[in-house]
Amino acid sequence: MLEKLTMYLAFPFVRYALIVGVLIALCSSLLGVTLVLKRYSYIGDGLSHVAFGALAIASVLNLTNKMIIILPVTVLSAILLLKNGTNTKVKGDAAIAMISVGALAFGYLLMNIFPTSSNVSGDVCTTLFGSTSILTLTKEEVWISGVLSVVVVFIFIFLYNRIFAVTFDTNFANAVGTNVDFYNLLIATITAVIIVLAMNLVGSLLISALVIFPALSAMSVLKSFRAVTFFSAVVSVVCAFLGIIISILAGTPVGSTIVAVDVVLFAVCHVIGKIRG
Amino acid sequence: MAILTVRNLAVGYDRRSVLENIDFEISAGDYFCIVGENGSGKTTLMKTILGLISPVSGMIEYGDNLERKQIGYLPQQTDAQRDFPASVYEIVLSGCQNGLGNRFFYSSKQKALALKQIDKMGLTNLKNRCYRELSGGQQQRVLLARALCATSRVLLLDEPVSGLDPQMTEEMYQLIHGLNEEGLTIIMISHDLDNVKKYANKIYGVPSEGSNQEGGMQVC
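In order, the protein sequences belong to chains A and B.
Positions 1 to 277 (my numbering) are the ones given, in order, by the first sequence.
Positions 278 to 497 (my numbering) are the ones given, in order, by the second sequence.
Just so you know, the hints here were simulated from the structure itself, not pulled from any lab data.
Mixed in with the good hints there might be a few duds.
[Unchecked claim] In silico DSSO-like cross-links for lysine-lysine, where the CA-CA straight-line distance does not exceed 27 angstroms:
{"#": "1", "chain 1": "B", "residue 1": "386", "chain 2": "B", "residue 2": "397"}
{"#": "2", "chain 1": "B", "residue 1": "474", "chain 2": "A", "residue 2": "38"}
{"#": "3", "chain 1": "A", "residue 1": "223", "chain 2": "B", "residue 2": "404"}
{"#": "4", "chain 1": "A", "residue 1": "223", "chain 2": "B", "residue 2": "475"}
{"#": "5", "chain 1": "B", "residue 1": "397", "chain 2": "B", "residue 2": "346"}
{"#": "6", "chain 1": "B", "residue 1": "404", "chain 2": "B", "residue 2": "386"}
{"#": "7", "chain 1": "B", "residue 1": "397", "chain 2": "A", "residue 2": "38"}
{"#": "8", "chain 1": "B", "residue 1": "475", "chain 2": "A", "residue 2": "38"}
{"#": "9", "chain 1": "B", "residue 1": "404", "chain 2": "B", "residue 2": "479"}
{"#": "10", "chain 1": "B", "residue 1": "404", "chain 2": "A", "residue 2": "274"}
{"#": "11", "chain 1": "A", "residue 1": "274", "chain 2": "A", "residue 2": "38"}
{"#": "12", "chain 1": "A", "residue 1": "223", "chain 2": "A", "residue 2": "274"}
{"#": "13", "chain 1": "A", "residue 1": "223", "chain 2": "B", "residue 2": "479"}
{"#": "14", "chain 1": "B", "residue 1": "404", "chain 2": "B", "residue 2": "393"}
{"#": "15", "chain 1": "B", "residue 1": "475", "chain 2": "B", "residue 2": "404"}
{"#": "16", "chain 1": "B", "residue 1": "346", "chain 2": "B", "residue 2": "386"}
{"#": "17", "chain 1": "A", "residue 1": "66", "chain 2": "A", "residue 2": "223"}
{"#": "18", "chain 1": "B", "residue 1": "479", "chain 2": "B", "residue 2": "393"}
{"#": "19", "chain 1": "B", "residue 1": "386", "chain 2": "B", "residue 2": "474"}
{"#": "20", "chain 1": "A", "residue 1": "4", "chain 2": "A", "residue 2": "223"}
{"#": "21", "chain 1": "A", "residue 1": "66", "chain 2": "A", "residue 2": "139"}
{"#": "22", "chain 1": "A", "residue 1": "223", "chain 2": "B", "residue 2": "397"}
{"#": "23", "chain 1": "B", "residue 1": "388", "chain 2": "B", "residue 2": "404"}
{"#": "24", "chain 1": "B", "residue 1": "393", "chain 2": "A", "residue 2": "223"}
{"#": "25", "chain 1": "B", "residue 1": "388", "chain 2": "B", "residue 2": "346"}
{"#": "26", "chain 1": "B", "residue 1": "404", "chain 2": "B", "residue 2": "474"}
Given the structure is predicted, the values throughout are model-derived calculations rather than measurements.
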């Protein structure tokens with residue numbers, strides 16, 4: 001088994017996948033805590049479908065750099081969803097559901113009307129479940145993921161106190177003069193960027209899992225915000241690492257294997273939390 | 278000298294006012310209550326005073342060098358907070374956020390202030406406990422300690438006793454009364470007129486549709 005592993009690790013693309021996988025897992029779990037607590041667990045799902053729709057448009061337009069369309073569209077949707085929150089006619093969860101399903105259907109429709117390859121359903125499957133894309137990462141993509149992850153981690157460390165304040169009580173933070181709109185905008189933008197990055201890793205359907213499972217695991221056993229944030233980052237990194245290794249050894253799809261490991265760990269944490277009361 | 282003057286104010290959402298012709302003046306050291314039925318626009322008025330929403334018309338003036346962000350606010354609890362994984366200390370410390378300025382982390386002075394307020398509210402042995410495990414009365418005291426970190430002058434309380442049993446309600450009123458005696462100006466929203474009359478020195482009644490209750494100022 002170890003031999004097989006060392007053999008695979010000799011390939012640069014396997015090492016790239018491990019590095020990027022762990023970094024994205026780290027970022028998504030940091031944000032996950034805030035999103036779950038703000039009652040936005042489903043925003044990952046909604047935005048990933050928007051990204052899927054944008055990807056379909058980019059493919060139809062035959063763009064070489066698809067990010068030019070995907071990133072702005074996803075960031076814009078994130079801002080709209082998080083900004084309006086509960087004060088609009090369409091409530092937060094309904095708005096997410098609407099955009100999510102709409103973008104998914106629209107993207108699939110576009111891909112079928114203007115097929116870019118002979119195997120449309122194969123393409124769709126790849127984008128949704130990210131079955132192979134993580135193994136075709138280029139060196140540049142690894143660098144981009146690395147730089148962005150470092151930026152996210154630094155933002156999170158330095159703005160930790162304010163992110164906590166805005167997450168726990170927006171009204172209080174606003175009343176004592178914290179620029180709540182700015183921090184919500186920042187959280188929305190980072191969420192969108194991470195989701196677009198994570199599409200390469202687990203595909204758009206499984207991104208929600210990366211966002212919510214580590215946070216929920218941590219919340220079921222720990223009792224302070226700092227501990228929850230720290231533990232969910234550790235859980236996410238460990239699960240992503242194990243998931244990728246298992247998928248290499250067992251030949252299973254990368255994204256779903258990572259999520260499966262996350263689910264198992266959540267179950268364990270949940271039981272521990274129940275026993276401790 | 279008045280620390281807060283409200284003249285001919287109309288409050289509401291999206292330029293539609295729910296409450297009009299509001300006039301009052303609050304002086305330092307007052308125990309000021311805004312009383313009215315549910316849905317009469319009390320919370321909207323309070324949010325306007327805090328600057329969370331802008332007034333439809335009229336004006337709010339802060340006097341005596343009071344800045345809006347120096348008002349300590351005790352909001353009503355939200356659903357999301359009830360199962361929030363945060364320790365008592367973390368929540369109280371977040372009351373110091375208006376003193377952060379351009380810094381990223383809390384100073385040791387601010388941490389000491391948070392511990393002092395925790396002690397003052399009698400929460401020292403619950404300092405590291407999780408907020409969601411506390412009783413309703415304890416949770417209110419945590420939020421009060423947080424508000425005290427944000428202010429040394431004015432406290433704004435939105436229905437501070439809602440959802441508390443009679444004994445905890447009495448304790449809460451005693452706590453607030455004590456703070457007022459120490460020199461803090463109290464502005465409180467309530468629909469519990471009987472209890473409010475015991476402590477407040479000024480009461481502003483919010484007129485409500487359907488009933489004959491008169492709006493306006495009343496000095497006790």
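For each hint, the structure was consulted:
In summary, the hint linking residue 386/B to residue 397/B is supported, as the alpha carbons are separated by about 16 angstroms, within the 27 angstroms threshold. Of the pairs offered as hints, the one joining residue 474/B and residue 38/A is violated, with about 38 angstroms between alpha carbons and a cut-off of 27 angstroms exceeded. The suggested pairing of residue 223/A with residue 404/B holds, with an alpha-carbon distance near 12 angstroms, which does not exceed 27 angstroms. For the suggested pair residue 223/A and residue 475/B, the alpha carbons sit about 39 angstroms apart, so the restraint of at most 27 angstroms is broken.
Between residue 397/B and residue 346/B the CA atoms are separated by roughly 22 angstroms; this keeps the pair inside 27 angstroms, and the hint holds. For the given pair, residue 404/B sits about 17 angstroms from residue 386/B by alpha-carbon distance, which is consistent with the 27 angstroms threshold. Distance hint between residue 397/B and residue 38/A is unfulfilled; the C-alpha atoms sit about 30 angstroms from each other, more than 27 angstroms. A hinted pair counts as satisfied when its Cα atoms are at most 27 angstroms apart, and residue 475/B with residue 38/A does not qualify at roughly 39 angstroms.
This hinted pair does not check out: residue 404/B and residue 479/B have alpha carbons roughly 35 angstroms apart, beyond 27 angstroms. A C-alpha spacing of about 23 angstroms is found between residue 404/B and residue 274/A, which places the hinted pair at or below 27 angstroms, so the restraint holds. Pair hint residue 274/A plus residue 38/A holds up; C-alpha atoms about 23 angstroms apart against a cutoff of 27 angstroms. Straight-line distance between C-alpha atoms of residue 223/A and residue 274/A comes to about 13 angstroms, which keeps the hinted pair within the 27 angstroms bound.
Restraint check for residue 223/A and residue 479/B: the C-alpha separation of about 42 angstroms exceeds 27 angstroms, so the hint is violated. Of the pairs offered as hints, the one joining residue 404/B and residue 393/B holds, with about 11 angstroms between alpha carbons and a cut-off of 27 angstroms not exceeded. Between residue 475/B and residue 404/B, the direct Cα distance comes to roughly 32 angstroms. Violation of the 27 angstroms bound is thereby established for this hinted pair. Of the supplied pair hints, the one linking residue 346/B and residue 386/B holds, its CA atoms being roughly 19 angstroms apart against a limit of 27 angstroms.
For the given pair, residue 66/A sits about 42 angstroms from residue 223/A by alpha-carbon distance, which is inconsistent with the 27 angstroms threshold. Between residue 479/B and residue 393/B the CA atoms are separated by roughly 30 angstroms; this puts the pair beyond 27 angstroms, and the hint is violated. The straight-line distance between the Cα atoms of residue 386/B and residue 474/B is roughly 38 angstroms, outside the 27 angstroms bound, and the hint therefore fails. Note on residue 4/A and residue 223/A: the hinted pairing is violated, with a Cα-Cα distance of about 41 angstroms set against a maximum of 27 angstroms.
In summary, the hint linking residue 66/A to residue 139/A is supported, as the alpha carbons are separated by about 17 angstroms, within the 27 angstroms threshold. Our distance criterion of 27 angstroms between C-alpha atoms is met by residue 223/A and residue 397/B, whose separation comes to about 23 angstroms. A threshold of 27 angstroms between alpha carbons decides the hint, and for residue 388/B with residue 404/B the separation of about 13 angstroms falls inside it, so the pair holds. For the proposed pair residue 393/B and residue 223/A, the alpha carbon gap of about 22 angstroms is at most 27 angstroms, so the pair holds.
Straight-line distance between C-alpha atoms of residue 388/B and residue 346/B comes to about 19 angstroms, which keeps the hinted pair within the 27 angstroms bound. Note on residue 404/B and residue 474/B: the hinted pairing is violated, with a Cα-Cα distance of about 34 angstroms set against a maximum of 27 angstroms.
When each numbered hint is compared with the structure, violations occur for hints 2, 4, 7, 8, 9, 13, 15, 17, 18, 19, 20, 26.
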